[in-house]
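A.B. asks: If you're matching them up, the sequences are chains A and B in order. Throughout, the numbering used here is defined as the position within the first sequence, counted from one, plus 181. Throughout, the numbering used here is defined as the position within the second sequence, counted from one, plus 5.
Treat the hints as calculated values from the structure; they're not laboratory data. Every residue gets a Cβ at the ideal spot worked out from N, C-alpha and C, and that includes glycine. A hint or two may mislead.
[Said to hold, decoys possible] If you want the ones that stay clear, here's a sample from chain B, every Cβ over 10 Å from chain A, calculated:
#, residue
1, I62
2, K118
3, T171
4, D175
5, H211
6, G377
7, F414
8, G450
9, I536
10, S671
[Said to hold, decoys possible] Straight-line Cα separation of at most 25 Å, SDA-like style, residue types lysine to any residue; simulated pairs:
#, chain 1, residue 1, chain 2, residue 2
11, B, K593, A, L423
12, B, K593, A, K207
13, B, K472, A, S300
14, B, K472, A, S237
15, A, K231, B, V548
16, A, K231, B, W569
17, B, K118, B, I45
18, A, K207, A, N346
19, A, K231, B, P562
20, A, K231, B, V567
21, A, K231, B, R559
22, B, K118, B, C27
23, A, K227, B, V567
24, A, K227, B, N560
25, A, K227, B, L441
26, B, K118, B, I373
27, B, K472, A, T240
28, A, K231, B, H564
29, A, K231, B, G552
30, A, K426, A, A443
31, B, K593, B, E380
32, A, K227, B, H564
33, B, K593, B, L441
34, B, K593, B, L626
35, B, K118, B, P31
36, A, K426, A, P217
37, A, K231, B, D570
38, A, K426, A, K207
39, A, K231, B, K118
40, A, K227, B, S563
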Amino acid sequence: MTDLLIHLVLIICMPPLMLGIIGKTKAAFAGRVGAPYLQPYFDLFKLLRKGSVFSSTTTWIFRAGPIITLAATITAALLIPLGNHPSPISFAGDMILFAYLFGLARFFTMAAALDTGSSFEGMGAAREATFSCLVEPTLFFALIVLCRISGSLSLSTMLTHSLVNIWFSAGASLVLLVAGLFIILLAENCRIPFDDPNTHLELTMIHEVMVLDHSGPAFGYILYGAAMKLFILGAFFIHIALPFKTGDHLLDWGIFIISMVALAITIGIVESIMARLRLVRIPQLLVAASILTAFSMLLILR
Amino acid sequence: MAAQVMLTPVTLIILGIFLAACSGVPGLFLQRGTGQGQKIATFSLLAGALSASIGAIQVIRTNLTEIYTSGWRLPFGAGELGVDPLSALFLLVIFLVATCAAVYALGYWPAAKNPCTERRLSLFFGLLTASLALLVLARDAITFLMAWEVMAISCYFAMTVESQRTEVRDAGTLYMVATHTATLALFAMFALLQAQTGSFSFPTAHSLNSQTSVAAAIFITACIGFGLKGGLMPLHIWLPSAHASAPSHVSALMSGVLIKTGIYGMIRLLTFFQLPPLWWGIFLLIAGCISAVMGVAFALGQHDLKRLLAYHSIENVGIITIGLGVALIGQATGNIPVTILGIAGSLLHVVNHALFKSLLFLGAGSVIHATGTREIDSLGGLARSMPYTAFYFLLGAAAICGLPPLNGFVSEYLIYLGLFGGITGGTGADIFFLALAAPALALVGGLAVACFIKVYGATFLGHPKTKSPLAAAEGAWQMLAPMGVLTVFCIGIGLVPQLLADFLLAPIAVFAPGQVIGSRGFLTLAPLAWISVLAAVLIALTVLLTGLFLLRCRNMPSHQSVTWDCGYLQTTSRIQYTASSFAEMLVKLLSGVLRPRYQQPQLKAIFSGPASFASHLPEALLDLVIAPFFRSIDERFSLLRRVQHGQLHLYIFYVFATLVALLVWSI
C-alpha cells in the first residue's frame with residue numbers, strides 16, 4: 182500500500198523536477214545561475230491560471246488533443262514499475278499496451294497540430310510521425326531482449342528482474358541495449374541532439390512546433406505530459422542501465438530517486454556538450470539505434 | 006414439430022442467403038428511378054442478414070457442426086454444404102458489413118439519381134453477399150469453386166457500374182485477370198487434394214498427412230490462389246485500383262469481406278492437415294510481414310483517398326497472416342498457448358478489420374459524395390461541415406492504427422502475445438522469425454499512425470485547400486447510421502474484449518481441436534479484462550482532465566484569433582502542409598522499394614516563370630515488373646495469336662479435336 186502511494190506521488194509530482202534539474206545542469210555548463218529547480222512547477226501553475234487563445238480554424242480536436250495525450254501518458258505511468266517495486270497494474274502483455282498508449286498520445290498531439298492548418302505545425306507533425314516510426318522497432322527489440330531474459334511478458338517482472346546478474350553474464354548485449362535505448366530516450370523526449378525544447382520557431386523543430394498554437398491550461402497539460410513521458414521512459418531506461426536493488430523498501434525508493442536525478446543530470450550534460458543534428462542525420466541515428474538493439478536481441482536469442 | 010424443423014440455425018442461414026441472393030430481383034420488374042426496387046432490395050437483405058445472423062450466433066453458441074449432402078448429383082460428386090463455428094464467424098462478418106453497406110447505398114447511390122445503374126448494382130450486390138455466404142458454407146470443391154466464381158463475377162459487375170470511365174474498365178479487367186489466376190491456382194489445389202483423398206468433398210478435419218510433397222504442393226498453390234484473393238504482397242496488384250474504382254459501399258464490402266475469403270480459404274485448408282511442418286508457419290509469417298510493412302509503406306505515398314485505404318487492406322491482411330503464421334508455428338512446435346493466441350488474434354483481426362475498414366470506406370464515400378473528389382490534397386477542413394463523418398472517421402482511423410481503447414488494439418495485442426510467447430518459450434530456429442516479426446508489426450503500427458494522421462489532417466482538419474470542400478454538407482441519415490453502427494462495434498470490442506472470449510473459442514477449436522482451454526483458460530493466456538480496466542482508467546482520466554480544463558476555461562478569458570502565422574500577412578490555405586508533403590520524408594526514406602516519381606520544374610532563368618511540381622507513387626510491382634514481363638511474353642508468343650482468331654465454330658472444332666486426341670491417348 183505504501184509502495185502504491187509512493188508510486189503515485191512520484192508519478193504525479195516528480196516529472197517537472199527532472200526538467201528543473203536538466204535546466205540547472207545546462208545553466209551550470211553555460212556559466213549561468215539558471216532558473217530555480219522548481220521553475221517548471223511555477224510554470225505549470227502559471228499556465229493553469231492563464232486565459233486561452235483559440236484559432237478560429239480549430240475544432241474540438243484541437244482542444245481534445247492535449248487532454249487525451251495527458252490521459253494516455255498518465256495511464257502508461259500506471260504500467261511502469263519504479264525502483265524495485267512492481268507497478269500498480271501489471272499483466273501479461275502490458276508492455277504492448279504501454280507502447281501503444283504512447284502511440285495514442287502521439288496520434289492526438291499530431292491531430293491537434295494539423296487542426297490549426299498551419300504549415301509549421303504540419304511540418305512538426307510530419308517529422309514526429311517519421312521519427313516515431315523509426316523509434317518503434319527499437320523499443321520492441323528491447324522488449325524482446327527483456328522478455329527473453331526474464332521469461333515474462335509483463336513490464337513489472339521484466340524490469341525488476343535481477344538484471345545485475347545479467348550484466349555479468351550477458352553484458353555485451355545489455356551495453357548495446359542501453360546505448361540504443363538512450364538514443365530513443367533522447368529522441369522520444371525531444372532532447373538535443375534531436376530537437377531543442379527551448380526554441381519554437383526554427384525550421385528544424387519537431388515537438389515544440391506542433392504545440393505552437395496551444396495556450397493556457399492546454400499548454401500546461403502538454404508541458405506536464407511531456408515531463409511525465411520523460412520520467413516514464415527515464416524510469417524504463419534506469420531499470421536496465423542502473424539495476425541496483427537492495428531489497429529494503431525505503432532504500433530502494435531512495436536509490437530510484439537518486440538514479441533519476443543522475444539521469445536528468447546526464448541528459449543535461451548531453452544537451453550542453455552536443456549540438457543539434459541536422460535533420461537528415463536524425464533518421465540515420467535512429468536506424469542505428471534500431472540496429473544496436475537488434476544486435477542485442479541476436480546476442481540474447483542465439 | 007414443423008416449427009422446430011423450420012427454425013434450425015441451418016435453415017435460418019439458408020433462408021438468409023436466399024433472401025440476399027434474390028434481393029435485387031424484384032427491382033428488375035419495377036419502374037426505373039423510383040427507388041422502390043432499391044428499398045425492397047435493402048429490406049430483403051436486412052431480413053436475410055437478420056435471419057442468417059441469428060442462425061450463425063446459434064451455431065457458435067451451441068458449437069454446432071453439421072454437413073448436408075444434396076440429393077441431386079453434380080458432375081463431380083454430390084454438393085455438400087455445412088456449418089461450423091468457423092463458417093458462422095465469417096457469416097456474421099459478411100452479413101453485418103453487407104447490411105451496413107446496403108443501407109448506406111440508399112443515401113450514397115440513390116435510385117433517383119442513378120436510374121441506369123442502381124438496378125444492376127442492387128442485383129449484383131445481393132448476389133455477391135449471397136455467394137460470399139455460400140462460399141463459407143461449401144464443403145466440397147465444386148460447390149466452393151462455383152460460389153467462388155459467382156462471387157468473383159458478381160463483384161466484377163458491382164464494381165464496374167461506372168464503366169463509362171476508362172480507369173474503372175481497366176481496374177475491372179485487371180481484377181478479372183487476377184481473380185481468374187486465383188481460380189486457376191485453386192483448380193490445381195483441389196485437383197491435388199483430390200489426388201490425395203480420392204474425392205472432391207472436403208476431407209475430415211486434421212486427417213491429411215502434411216509431411217508429403219503433395220501436401221507441400223497443395224500449400225503452395227493455396228498460398229497463390231488465396232493470397233491473390235486476399236491481396237498478399239506480391240500478389241496484391243489488382244487490389245488498389247479495384248477498391249478505388251468501385252462505388253464506396255462496394256469497396257467496403259470488398260475490403261471488409263471479399264478479400265477475407267482468401268483468409269477463410271487458407272484457414273479451412275489448414276484444418277485438413279495434421280500437425281503442419283514448421284516451414285509453413287514461417288512462410289506465412291514472412292509473407293504476412295512483407296504484406297503488412299509494404300502495404301502501409303505504399304499507402305503512405307498515395308494521393309487518392311480510396312487507393313490509400315486499399316493499400317491498408319493489404320497491410321491488414323498481412324497482419325492477419327502474421328497471426329496465422331504464429332498459430333502454425335505454435336502447432337509445429339507443440340506450443341499450445343502460442344497456437345491459440347495466434348489464431349485468436351488472426352480471427353479477431355478478420356472481424357476488426359471488416360468493421361473499421363468498411364467504416365473508413367463508408368466515411369471516404371461520404372467525403373467523395375459531398376465534395377466530388379478523391380484527391381486528398383484538394384480537400385481539407387471537412388470536420389466543420391461534416392462533423393459526424395469526421396468523428397466516425399477519426400475513430401476508424403485510430404482503430405486501424407491499433408490504438409487503445411479500440412478494437413484494432415485487441416487483435417494486435419493477441420498476435421503480439423503469441424509472438425512474445427513463442428520468443429520467450431521457444432528454442433528452435435523459429436524464434437528468430439518471431440523475434441523479427443514483432444518489431445515489424447511495431448513498425449507497421451508506427452507507419453499506420455503516420456499515414457492516418459496524414460489522411461485525417463489533410464481531409465478533415467485545417468482549411469479547405471481548393472473550392473470543392475467548401476460546399477460540402479453532411480450526408481443523409483442512411484449514410485450516417487451504418488457508420489454509427491460500425492463505430493459502436495469498434496468501441497465495444499475495444500472496451501470489453503473479454504466478452505468475446507466465449508465467442509472466439511468455438512471457431513478456434515475448429516482450427517486447433519484437442520487444445521480446448523475454456524474461456525477462463527483463454528483469459529488467463531490473454532488477460533483481456535485488464536484492457537477493460539485500463540480503458541476505464543483512460544476514459545476516467547480523460548473526463549477528469551476535460552472537467553478541469555473546462556473549469557479553467559470558464560473562469561479565464563478565452564479569445565478567438567487566427568492561427569499564428571509568424572507575422573506573415575497574406576496567408577492562403579495553399580500554404581498548409583499537404584498530404585504529400587506530410588509523407589515526403591518517409592517516402593524518401595523508403596524510396597528504394599517504393600520508387601516514387603517526381604516531375605520537377607526545370608529552373609533556367611534567374612527569374613523563372615510559373616512552374617509546377619508533381620509527385621506520384623506508382624504501383625511499383627505492376628508497372629516495373631509484371632506489366633513489362635507480360636509485354637515481353639506477348640511479343641515472343643505473337644505467333645500463337647493466329648490460333649486465337651475469335652471464330653466460334655473453329656473454337657468448337659478445337660474442343661472436338663482435343664477430345665478425340667484424349668480418347669485416342671486413353672486407349
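A.B. asks: The structure should be examined with respect to each hint, and the outcome stated for every one.
C.D. replies: Structure-based check of all given hints:
Even its closest Cβ contact with chain A, about 29 Å, leaves I62 (chain B) beyond 10 Å, as expected for a residue assigned away from the interface. Distance check on K118 (chain B): its Cβ is at least 30 Å (rounded) from any Cβ of chain A, clearing the 10 Å threshold; non-interface status holds. With a closest Cβ-Cβ approach of about 34 Å to chain A, T171 (chain B) is found to remain outside the 10 Å limit, as its non-interface label requires. Here D175 (chain B) stays apart from chain A, with its beta-carbon at least about 33 Å from theirs, past the 10 Å limit.
The non-interface label for H211 (chain B) is consistent with chain A: the shortest C-beta to C-beta separation is roughly 29 Å, beyond 10 Å. Non-interface status of G377 (chain B) relative to chain A is upheld: no Cβ of that chain comes within 10 Å, the nearest being about 22 Å off. The Cβ of F414 (chain B) does not lie farther than 10 Å from every Cβ of chain A; its closest approach is about 6 Å, which violates its non-interface assignment. At the 10 Å boundary, the C-beta of G450 (chain B) falls inside the reach of chain A, the nearest C-beta of that chain being 6 Å off.
With a minimum CB-CB distance of about 7 Å to chain A, I536 (chain B) fails to clear the 10 Å threshold, and the non-interface call is violated. With a least beta-carbon separation of about 57 Å from chain A, S671 (chain B) lies farther than 10 Å from that chain, consistent with its non-interface assignment. This hinted pair does not check out: K593 (chain B) and L423 (chain A) have alpha carbons roughly 38 Å apart, beyond 25 Å. Of the pairs offered as hints, the one joining K593 (chain B) and K207 (chain A) is violated, with about 35 Å between alpha carbons and a cut-off of 25 Å exceeded.
Taking the CA atoms of K472 (chain B) and S300 (chain A), the gap is about 19 Å. The hint holds against a cut of 25 Å. For the proposed pair K472 (chain B) and S237 (chain A), the alpha carbon gap of about 19 Å is at most 25 Å, so the pair holds. Between K231 (chain A) and V548 (chain B), the direct Cα distance comes to roughly 21 Å. Compliance with the 25 Å bound is thereby established for this hinted pair. Annotation: proposed proximity of K231 (chain A) to W569 (chain B) holds, straight-line Cα distance about 18 Å (limit 25 Å).
With a CA separation close to 17 Å, the supplied pair K118 (chain B) and I45 (chain B) stays within the 25 Å bound. Distance hint between K207 (chain A) and N346 (chain A) is unfulfilled; the C-alpha atoms sit about 35 Å from each other, more than 25 Å. Taken as a hint, the K231 (chain A) and P562 (chain B) pair is honoured in the structure, with Cα atoms around 8 Å apart against an allowance of 25 Å. As the CA atoms of K231 (chain A) and V567 (chain B) are separated by approximately 19 Å, the hinted pair is consistent with the 25 Å bound.
At most 25 Å may separate the alpha-carbon atoms for a hinted pair to count; K231 (chain A) and R559 (chain B) meet this at roughly 11 Å. Between K118 (chain B) and C27 (chain B) the CA atoms are separated by roughly 23 Å; this keeps the pair inside 25 Å, and the hint holds. A threshold of 25 Å between alpha carbons decides the hint, and for K227 (chain A) with V567 (chain B) the separation of about 24 Å falls inside it, so the pair holds. Of the pairs offered as hints, the one joining K227 (chain A) and N560 (chain B) holds, with about 14 Å between alpha carbons and a cut-off of 25 Å not exceeded.
At most 25 Å may separate the alpha-carbon atoms for a hinted pair to count; K227 (chain A) and L441 (chain B) exceed this at roughly 47 Å. For the hint pairing K118 (chain B) with I373 (chain B), the CA-to-CA distance comes to about 15 Å; that is within 25 Å, so the pair holds. Restraint check for K472 (chain B) and T240 (chain A): the C-alpha separation of about 20 Å stays at or below 25 Å, so the hint holds. Distance check on the hinted pair: K231 (chain A) and H564 (chain B) sit about 12 Å apart at the alpha-carbon level, within 25 Å; holds.
With a C-alpha separation of about 16 Å, the suggested pair K231 (chain A) and G552 (chain B) falls inside the 25 Å cut-off, and the hint holds. For the given pair, K426 (chain A) sits about 16 Å from A443 (chain A) by alpha-carbon distance, which is consistent with the 25 Å threshold. Between K593 (chain B) and E380 (chain B) the alpha-carbon distance is near 21 Å, which keeps this suggested pair within the 25 Å criterion. A distance of roughly 18 Å separates the Cα atoms of K227 (chain A) and H564 (chain B); the hinted pair therefore holds under the 25 Å criterion.
A hinted pair counts as satisfied when its Cα atoms are at most 25 Å apart, and K593 (chain B) with L441 (chain B) qualifies at roughly 24 Å. For the hint pairing K593 (chain B) with L626 (chain B), the CA-to-CA distance comes to about 18 Å; that is within 25 Å, so the pair holds. Of the supplied pair hints, the one linking K118 (chain B) and P31 (chain B) holds, its CA atoms being roughly 19 Å apart against a limit of 25 Å. Using a Cα cut-off of 25 Å, the hinted pair K426 (chain A) and P217 (chain A) is violated, with the two alpha carbons roughly 31 Å apart.
The straight-line distance between the Cα atoms of K231 (chain A) and D570 (chain B) is roughly 22 Å, inside the 25 Å bound, and the hint therefore holds. Between K426 (chain A) and K207 (chain A) the CA atoms are separated by roughly 30 Å; this puts the pair beyond 25 Å, and the hint is violated. At most 25 Å may separate the alpha-carbon atoms for a hinted pair to count; K231 (chain A) and K118 (chain B) exceed this at roughly 54 Å. Pair hint K227 (chain A) plus S563 (chain B) holds up; C-alpha atoms about 16 Å apart against a cutoff of 25 Å.
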